[in-house]
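If you follow the hints, you should be able to join the two separate chains into one complex; please do so.
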Amino acid sequence: MKIHEYQGKSVLAQYGVPVPKGKAAYTVYEAVEAARGLGFPVVVKAQIHAGGRGKGGGVKVAKSLDEVEEIAKAMLGMTLVTHQTGPEGRTVRRLLIEEGMDLSGAREMYLAVLVDRATSRPVMMASAQGGMDIEEVAAKDPGAILKESVDPVTGFQPYQARKLASGLGLEGDLVGKAVPFMTSLYRAFEGSDASLVEINPLLVTQGGDVLALDAKVNFDDNALFRHPQLVELRDFKEEEALEVDASKYDLNYIKLEGGNVGCMVNGAGLAMATMDIIKLAGGSPANFLDVGGGASADQIKNAFRILLADADVQAVLINIFGGILRCDILAEGVIAAVRELDVKVPVVVRMKGNNEETGRKMLAESGLNFETADDMTEAAGKVVAAAGGAA
Amino acid sequence: MSVLVGRDSRVLIQGMGRHGTFHAIQCRDYGTSIVGGTKPGKGGTTLEGFPLFDTVAEAVGKTGANVSVVFVPPAGAADAVMEAADAGVGVVVCITEGIPTLDMVTVWAFLKDRGTRLIGPNCPGIITPGEKCKVGIMPGHIHRGGSVGVVSRSGTLTYEAVAQLTALGIGQSSCIGIGGDPIIGTTHTDAMKLFNEDPDTEAIVMIGEIGGSAEEEAAEYIKAHVKKPVVGFIAGQTAPPGRRMGHAGAIIAGGKGTAAEKMKAMEAAGIRVVKSPADIGAAVAEVMKG
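Which chain is which? The protein sequence lines are A and B, in order. The working numbering numbers the first residue of the first sequence as 1 and each following residue consecutively. The working numbering numbers the first residue of the second sequence as 1 and each following residue consecutively.
No wet-lab data here; the hints were simulated from the structure. Because the structure is a prediction, the values reported are computed rather than measured. Treat the hints with caution; some may be incorrect.
[Stated by the list, open to error] Per the computed footprint, the stretches of chain B lying under chain A, defined by three or more beta-carbons under 8 angstroms from a beta-carbon of chain A, are:
| hint | region |
| --- | --- |
| 1 | 101-114 |
| 2 | 180-188 |
| 3 | 246-257 |
[What the hints assert, rightly or not] Listed below are the simulated DSS-like cross-link pairs for lysine-lysine, each with C-alpha atoms no more than 30 angstroms apart in a straight line:
| hint | chain 1 | residue 1 | chain 2 | residue 2 |
| --- | --- | --- | --- | --- |
| 4 | A | 279 | A | 248 |
| 5 | B | 289 | B | 264 |
| 6 | B | 228 | A | 140 |
| 7 | B | 256 | A | 163 |
| 8 | A | 60 | A | 2 |
| 9 | A | 147 | A | 2 |
| 10 | B | 193 | A | 55 |
| 11 | A | 279 | A | 344 |
| 12 | A | 73 | A | 147 |
| 13 | A | 279 | A | 23 |
| 14 | B | 193 | A | 279 |
| 15 | A | 2 | A | 140 |
| 16 | A | 21 | A | 60 |
| 17 | B | 256 | B | 289 |
| 18 | A | 248 | A | 301 |
| 19 | A | 147 | B | 223 |
| 20 | A | 63 | A | 21 |
| 21 | B | 264 | A | 147 |
| 22 | B | 256 | A | 216 |
| 23 | A | 382 | B | 275 |
| 24 | A | 163 | A | 216 |
| 25 | A | 2 | B | 256 |
| 26 | B | 223 | B | 289 |
| 27 | B | 256 | B | 275 |
| 28 | B | 228 | A | 163 |
| 29 | B | 193 | A | 237 |
| 30 | A | 147 | B | 112 |
| 31 | A | 147 | B | 256 |
| 32 | B | 275 | A | 279 |
| 33 | A | 147 | A | 177 |
| 34 | A | 382 | A | 2 |
| 35 | B | 264 | A | 140 |
| 36 | A | 140 | B | 223 |
| 37 | B | 228 | B | 193 |
| 38 | A | 279 | B | 256 |
| 39 | A | 279 | A | 301 |
| 40 | A | 73 | A | 23 |
Every residue gets a Cβ at the ideal spot worked out from N, C-alpha and C, and that includes glycine.
Just chain B, with the same shape it has in the complex (with noise of 0.2 angstroms):
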């Protein structure tokens, strides 16, 4: 078991350019099934083996795609969001990083009413490695199947708590990216909310960075429903106010969204909180042994 993606997910990858074609043949290579890619004007003709399709309402009619990932640029990656859940494609998941921030605010209205689980944009995808289903970004390898669900705002920093957990020999339920922007499909307690109902999630990490206030949400839930372990680590603790630190979201504005805040709200939700970032695998094995 797993959340959001496994294995009968079926994945269609929205932007065959360059990017998006070589990310569908690693994904393709780690065991994902990926059904085919849209490229408006290439309808019917294939790509590395994939079948090119002009639409994704075309797609999901003839390959019953329920899962898709976008690598459309900027400009378009909102259009290409909005099209996948208009096709009822149940979970979309954006990569694209750069896309303004009122093309969200646009998505977000759209998918309120609309049955679509938006993860990102701006985020390295999800993976759950026990079904061999990878939908995005992320070195395959450094994943093993397993219990531990982890959530991350980050692409690179995931990475390494994974390769900590793996390199332990605890292995991961499913692995979300959340993403690094301010307005984002899946949040942290969304998240959260899947890996407390999946049966086979034991332990959970939790991993923020600075600006907004998404970990404190996330610390009120685990507080209330919570009952498995969780693992916290925030980003940014030495970060300057009034500076955006690569991620649009991480920023903190007014005096709010401290690393130290975070952590102090996360402390009193019992969870267990890192101040290194080397520390978050070793906590997890603690965690787990009760």
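The following block holds chain A by itself, in its conformation from the complex (with noise of 0.2 angstroms):
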């Protein structure tokens, strides 16, 4: 679960780690308000998930009250276009009204925390090129970036705070103040089940404090059962509406831009290997649909629902290795959905389990507009053929 930066701070600040002052806004008089407090000049973010906000315009030096007013009523409902967001932007609607820090003479470095799959320990990461990609830090310079994996039974340990700040190149009281910072960060890290905690950058100023300018925390999905206060600070208008919907019915949905072939599956690995076989067929998937294990007819029902509310959907491939499943209780499913829904689009289904000649039969005789396939080739030729070819 991806959460806004201001609210990231707050996590953070629980933990002990600094962060400059600062407060939400979703209005421009809450943001007038809040600057009111810090004195000047303030930063005004905008608050979206994604990155590279500056260079979006997303973030503005307001030196008064009328500056707040004026930059806050500009930001707030504008579309934000990043590299992170894609062509089609986000939409602003709320800020972080926060002090402004003295940058004259201060260093930017990067720290992030996160699990490592190639040692299944958590690692921290810094570098002392701050406030750019990490992606790109590690193309050009992988040396550049300093690691400390995490003994999981010990937890992260001072002197590693130590080797990563010497590493950066502190001296002096820095390391004073770099060392519990990262130990903060890494109790935050462990604390709040995060799958990323990310600084970037973190700041190191002239006059001697480290801080975290900006903070990107993402929650490990799996872990928010035992972390409830975190759990409500989603902000569903930052996700896809359409797969806000799914999850609702423990469907997995993913849209994918400029498809026109609606998959339906069971399982991830044979999900993205169908949408993967449509490609090959010359056609182009519209969406990632994992319906799960059991795909009960309620579940077929809201599949189909959410699928068709795409526009772009002009035919259905229904994929579904049952396995233990009865391919005739399936075809009933998909059968009563697609009358309930009255679904216009053509719809090829081909599943595989028990049952599979009387669940077949079932479709046949429905008088409904089914075709049926034996494998996956032929499956996705005949559902690429009813989309009308390549999208």
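As structure tokens, then:
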């Protein structure tokens, strides 16, 4: 789960990570009131779940209340386009009003904690090259990224923080500031079951302060059950409406740009493979949709509803490898859903499992617009043709 | 012969809830020796003919269980895996989907110095059809005994590949679903070592997907050590970057973990990589002809 910068900073602050003073604002009035409490200059930062906001015009400095009002008016409701939002951009609905930091002579660095899949352990990563994409640093100068692997039995240790601080070129009193910053950051990562905590930039001021100028905090969805207070930070407006809708029915749906073949599959791997084979057949998949192992009648109905809410979908491919699931029950669910929702687009069904023949016969005799297929190649060919060829 | 499970496996079910009990029956019907189940507070009773135990240690002591399958819900699944390892169970198969990543970090550290092999989590399990041993939730009837080893991160996609093999008359030695999570007990490389050392496995199918670099690591191993023919497929060739495709581990992050990269590394290792998931069976038939 992703959260906004201001929420991330608030979570980090609870663990003792130093962050600039600031307040969230949903309206121009709130923005002005927030600034009044901070003193000038302040920074007005658009809050969307995407990076690169500065370049897109989503971060502005204000030196007076009038300027705050002017900037907040322009920013709230604007469509912010960054390299992470795609060309359609995101609507700005919330702002962070934050005290302006003295950047003269300050250094911008990078710090992050995540789980390293290669070692199955958490790792803290640091780089003296902050303020730019870490992927870019990794590609150009992999040696510039320092890593400290964390033993989960002991947790992140102060000596590891000292190693990183020294590697970043911090000396004197700054080491004494950087070490508790890093240990607090690790505690925040562990304590909130984060999947990523990224501070970019980490600000080291001339005055000798170390603080998080920006913060990206993502939580592990699987661990949210033990953090009810974090679940409340979810901002549904930042997510695709259909994807939110699907998640209510335990359906895993992801819309793909530019496709016209809707697909409904059981299992994530087979769902990806089905998208791949549609492409190989010359078509273009409109979505990823995993209905899970059970594929109940209710799930199939909701899956159809969500698929067809996408106006680009010209045909639907259902690919279910039943195994233990009975195909006659599956066919019953598909027929009921198509009748009830009055599905007009052609539907190609490929199903494997128990009572396959009965299931096929039921589809054929239903009088509805079904085609059936024996294998994935045939199914993909049929559905791409039904959708009118390539999108 | 086979890998990890076979006719000598004595299987304990951890978590005899509705789901666990259903699959305990399915496994027994297939021919697996299910020696009992755990259900805290119900020790000493039976359920569907299975003796129940309060703890894994007690179950191992009384039944000689050497394999366990975990159906415990996500919040308690990591604990269940550690309990089995502590009781000396050699192979633990964790079916549970949705375990917190940091719980798995703990499990990984816990298992490091113990002799237990974990399969999964978030996997269909492992089956050795020639010895009638099914330890998991896969449909038994699509398998047949033979000499092809199958390893995969996916459930239903594995069934698809297995069904293609069986339809062509090609049997399987063992099929291992290693799971779709970012942290798993047995990797593609581990499975590859097992199949490489198994005298009755003549060819190997490796099914991967986007995310991480496990397939690239397995390709390195194959290049250096494996003489048996290997057929590979990577799901997610059309997946967009930055999105989690159902499995927690299936994500292209920071431009890394794409299908194209993996397929390239696998081809460079001499693996016969197919682009279409429908071609897996036919490709195995070809490489086995030599």
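We went through each hint and held it up to the structure:
no. : hint          : in the structure
1   : 101-114       : holds (count 8)
2   : 180-188       : holds (count 3)
3   : 246-257       : holds (count 7)
4   : 279/A - 248/A : 29 angstroms, holds
5   : 289/B - 264/B : 24 angstroms, holds
6   : 228/B - 140/A : 38 angstroms, violated
7   : 256/B - 163/A : 28 angstroms, holds
8   : 60/A - 2/A    : 23 angstroms, holds
9   : 147/A - 2/A   : 24 angstroms, holds
10  : 193/B - 55/A  : 49 angstroms, violated
11  : 279/A - 344/A : 23 angstroms, holds
12  : 73/A - 147/A  : 42 angstroms, violated
13  : 279/A - 23/A  : 47 angstroms, violated
14  : 193/B - 279/A : 34 angstroms, violated
15  : 2/A - 140/A   : 28 angstroms, holds
16  : 21/A - 60/A   : 16 angstroms, holds
17  : 256/B - 289/B : 35 angstroms, violated
18  : 248/A - 301/A : 13 angstroms, holds
19  : 147/A - 223/B : 29 angstroms, holds
20  : 63/A - 21/A   : 16 angstroms, holds
21  : 264/B - 147/A : 28 angstroms, holds
22  : 256/B - 216/A : 20 angstroms, holds
23  : 382/A - 275/B : 19 angstroms, holds
24  : 163/A - 216/A : 24 angstroms, holds
25  : 2/A - 256/B   : 20 angstroms, holds
26  : 223/B - 289/B : 21 angstroms, holds
27  : 256/B - 275/B : 19 angstroms, holds
28  : 228/B - 163/A : 45 angstroms, violated
29  : 193/B - 237/A : 47 angstroms, violated
30  : 147/A - 112/B : 22 angstroms, holds
31  : 147/A - 256/B : 18 angstroms, holds
32  : 275/B - 279/A : 11 angstroms, holds
33  : 147/A - 177/A : 19 angstroms, holds
34  : 382/A - 2/A   : 39 angstroms, violated
35  : 264/B - 140/A : 22 angstroms, holds
36  : 140/A - 223/B : 28 angstroms, holds
37  : 228/B - 193/B : 11 angstroms, holds
38  : 279/A - 256/B : 22 angstroms, holds
39  : 279/A - 301/A : 25 angstroms, holds
40  : 73/A - 23/A   : 17 angstroms, holds
In this structure, the hints that do not hold are numbers 6, 10, 12, 13, 14, 17, 28, 29, 34, in rising order.
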